[in-house]
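Student: Start from the sequences, fold in the hints, and give me the full structure.
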Amino acid sequence: MEIISHIQDQIVYYQSWLKNNQNILKMPLRHGSIQTIQNIYKYPWLLKLANVNRLLTMVTKGRQGNYRKANAAVVEKIVPNLMHLLDNLVMDTDRLVLHEDMVPPEILVAMGLKTWMAELLGILMPIVDSHSVEKYIDIAENSGIPPDVCSLPKSTMGIILNNEAPPVKAILTSNSPCDGGMASYQLIKNKLDIPMFQLDVPYNFYNDRATDYFANELKRMIDWLEYHTPGKMDWDHLHAICEERNKMAAHELELWEAIRQRPAPLAAEAIYLSHLWCFNVTPGDPNGTELFKYLTELANENVQNNIAAVPNEKYRTVLWNPPLLHFIDLFSWAEQQYGLSLIIDSMSYNRQPFIDISTKDAMLKGLAHIIMTGPMARHTRGPAQNYFDDMFYLYTYFDLDMILVAGHIGCKNTAALNGILREKCRKKGIPLLIIDYDLSDPRVVSHDGIIGQMDRFMENIMNK
Amino acid sequence: MLSQTHNAFNFYPQKMLETAIDNDNIPLGYACNNVPRMLLSVGKLFPYRLNAIGLTGGTELADIYLSQVTCSYTRSLLEYAMDDQLEFVQGWIFAAGCDHLRRLYDNFQYILTPDFCYILDVPHKGGHDAISWFSQELKALSVALSDHFQTDINDSNISLAITDHNAMMQSLQNIANFRKNNTPAFSGTEFHRLMHASWTLPIQLMKPVIDKIEKELPERTCPVNDKVRLLVVSSVIDQYEWIEAIENNGALVVADRFCSGAIPQLEICPQTDNPFYDMAAHLLHTNACPRMMDTFAGRLELIIQTVKEYHVDGVIIAPIKFCDIWGVETTQVISFLKEKKIPVLKLERDYSFSGEGQLSTRVQAFIEQIVL
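Protein chains in written order, with the numbering used here: chain A, 1 to 464; chain B, 465 to 836.
Hint data in this document are derived by calculation from the structure and do not stem from the laboratory. Don't take every hint at face value.
[Unchecked claim] Under the rule of at most 25 Å between Cα atoms (straight-line distance), these lysine to any residue pairs were calculated in the SDA-like manner: (1) B:802 to A:143; (2) A:61 to A:329; (3) A:427 to B:760; (4) A:189 to B:758; (5) A:365 to B:811; (6) B:603 to A:189; (7) B:508 to B:470; (8) B:772 to B:760; (9) B:644 to B:620.
Tutor: Listed below in structure tokens is the structure:
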């Protein structure tokens with residue numbers, strides 16, 4: 001029986017591997033050999049992204065059954081989407097808009113514009129290859145950017161300073177999620193010398209006044225885009241996108257209900273990587289809805305059959321802050337080593353899943369609220385209460401045993417809450433580990449250094 | 465270094481502060497120029513720009529909460545307050561000016577639980593909607609202040625406060641204009657001490673001091689024999705010793721484009737029948753902080769204009785370490801000034817005054833570079 005399961009798991013991996021490689025190879029076929037060579041010369045990071053299938057190996061390693069299928073499905077969603085995004089390097093480039101990761105692309109897509117998320121490379125490349133953005137971080141620092149600035153904007157700035165940015169025609173950004181990110185866009189604008197629109201998210205955004213203010217910001221953004229790009233607002237298209245996004249969110253809520261079970265039927269990348277990609281990069285894509293429907297089915301099936309994603313699940317945790325980009329397989333290691341399930345993370349959890357699509361204004365207000373309360377933005381921009389309320393809510397709602405904070409050295413405004421967090425966790429009796437590391441740069445703290453911190457915590461605090 | 469006789473710049477801010485408090489004036493601490501001083505100047509209230517110039521040790525306690533990777537201004541303020549050195553402050557008004565100030569407010573509330581602790585939501589833009597938003601914020605603050613301090617704050621007495629504020633700014637500007645002369649009548653250090661006092665004392669106490677200085681200036685000579693004239697660009701500089709250390713090397717600081725300095729804080733606030741809108745527009749439009757998303761070109765222009773008006777030979781840009789907005793801005797300002805062939809020196813610093821030897825060495829080399 002075990003051999004059959006093993007063979008089935010291998011089949012899942014190789015089927016997915018094949019499918020992904022086919023999708024990767026289709027891109028040069030679409031572009032032609034000369035264009036592909038030119039692209040590789042102009043955008044050297046393409047070669048790194050060509051290794052995106054390594055992600056499949058990372059997320060399926062040690063995972064079995066439905067858990068393996070779920071993680072493989074997530075990568076199968078990412079790969080073709082990524083390849084189509086890369087088409088934007090050469091097709092309809094007059095419509096190509098650089099947007100910040102905190103400004104999701106629904107409106108841009110509805111306007112018939114092509115999108116390039118500025119931080120996409122800085123997020124995806126270290127996931128695929130731990131050391132791949134070090135070069136760009138160094139370029140940014142050598143140009144005078146202080147080393148203590150977050151390595152995500154540093155790598156993004158480095159790519160642009162090294163003239164490796166796609167041929168974008170306009171920039172769309174905001175004051176989220178932090179000052180470093182916000183400040184980086186002035187440099188990006190100066191370097192690219194193209195028009196830029198910056199959305200201003202208020203400090204207190206859980207009220208109607210803020211929603212109205214920010215919805216007006218979105219209206220100004222649409223006017224600005226219509227003036228500076230060939231894009232024209234298509235409200236029916238936006239309606240369709242928001243409707244599809246709502247369907248996807250409904251499936252995600254069902255998935256979250258399933259993972260509340262102890263032991264969890266799915267965990268880690270099936271939960272957070274799916275959200276990270278589908279809600280931030282391709283919202284409104286029917287394939288995203290299909291993915292979340294499939295993930296939910298797999299999770300429910302595991303629940304019915306009493307199968308745990310992590311065999312012998314002993315501990316359940318939330319990961320606060322963005323996932324450890326250059327050490328994405330930390331949790332497959334922790335599952336094997338300690339029976340630790342990563343149930344959910346702060347980037348996936350949101351309090352506003354649905355958009356009211358009844359009128360144009362309602363849609364804009366829904367999108368406004370989603371952007372203001374988006375991943376990271378609502379924890380790093382607003383008052384500390386936003387940060388702690390969500391964290392302790394998740395701890396209870398998902399029946400967790402500990403809180404893990406990815407203590408990225410460049411994230412100063414969350415570092416400035418660590419003292420309060422320690423005291424609050426101590427009072428509540430919640431085991432807390434703040435992992436000291438850098439989001440994208442493994443030279444700051446190596447994988448061994450991170451594992452060492454986990455080991456000490458599990459041995460000394462969790463008495464493992 | 466400064467002459468102690470017949471020197472109008474020699475006054476005693478600490479004694480004046482004690483006098484103000486003894487006379488039942490209420491000091492309200494604020495930590496960012498986005499907080500309108502005029503609104504804190506109604507009735508017995510007066511604005512006190514928060515500083516930790518008396519902090520002698522490190523920031524060990526504050527580091528536990530704010531971590532060692534946040535701006536040392538915020539850590540110093542928290543440390544100073546935790547050490548009860550700011551006990552006389554009766555209300556705390558912060559602004560969501562930057563990540564570090566926001567977190568200072570969060571920690572302040574959590575650790576010190578003051579009776580009155582408020583944070584203003586400040587837009588990052590200066591358009592009509594943003595000004596309206598901010599003016600509503602200011603109204604909400606005025607209501608909170610009225611309720612807590614039992615002070616009547618209405619349009620009429622705010623307008624009076626703006627008039628008084630403008631009068632003091634005009635007098636300070638008259639003094640600052642002397643710095644544009646070939647031989648300014650005072651040093652950058654003296655001016656810095658004057659500015660520091662102006663931001664921390666009630667207008668009614670400071671105005672006579674300022675008037676006296678203004679009157680004596682035509683008869684005065686500068687105590688610094690300068691080789692070069694410098695503009696200092698930075699965020700918060702509270703310690704006059706930092707300016708003094710530069711001037712001890714033969715430079716004269718003739719212009720100060722930093723939060724606790726004169727440029728552009730001495731601009732006059734417009735006055736219409738809507739004082740809240742006036743204050744909001746004034747703060748958002750004269751704001752030279754790199755936190756503002758739509759004024760980058762204006763900030764560069766302000767530096768160039770200052771260089772011209774004050775006959776500046778070189779610019780020192782001095783960001784506080786760990787400040788992201790200034791860190792990224794500095795890189796671009798340096799490139800811009802180099803393109804314009806304006807000598808520029810970057811001095812990354814801590815809020816507290818330290819490393820005088822290193823500072824002197826860097827400044828000496830910079831002066832030589834300019835003179836040669």
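Student: All hints are to be evaluated individually against the structure, with a verdict given for each.
Tutor: Status of the hints after comparison with the structure:
1. B:802 to A:143: With Cα atoms ~14 Å apart, residue 802 (chain B) and residue 143 (chain A) stay inside 25 Å; holds.
2. A:61 to A:329: holds, 8 Å
3. A:427 to B:760: violated, 45 Å
4. A:189 to B:758: The hint holds at about 12 Å.
5. A:365 to B:811: violated, 45 Å
6. B:603 to A:189: The hint is violated at about 35 Å.
7. B:508 to B:470: The given pair, whose Cα atoms are some 32 Å apart, is violated under the 25 Å limit.
8. B:772 to B:760: holds, 19 Å
9. B:644 to B:620: Violated: residue 644 (chain B) and residue 620 (chain B) sit about 36 Å apart, past 25 Å.
When the structure is compared with the earlier hints, violations turn up for hints 3, 5, 6, 7 and 9 and for no others.
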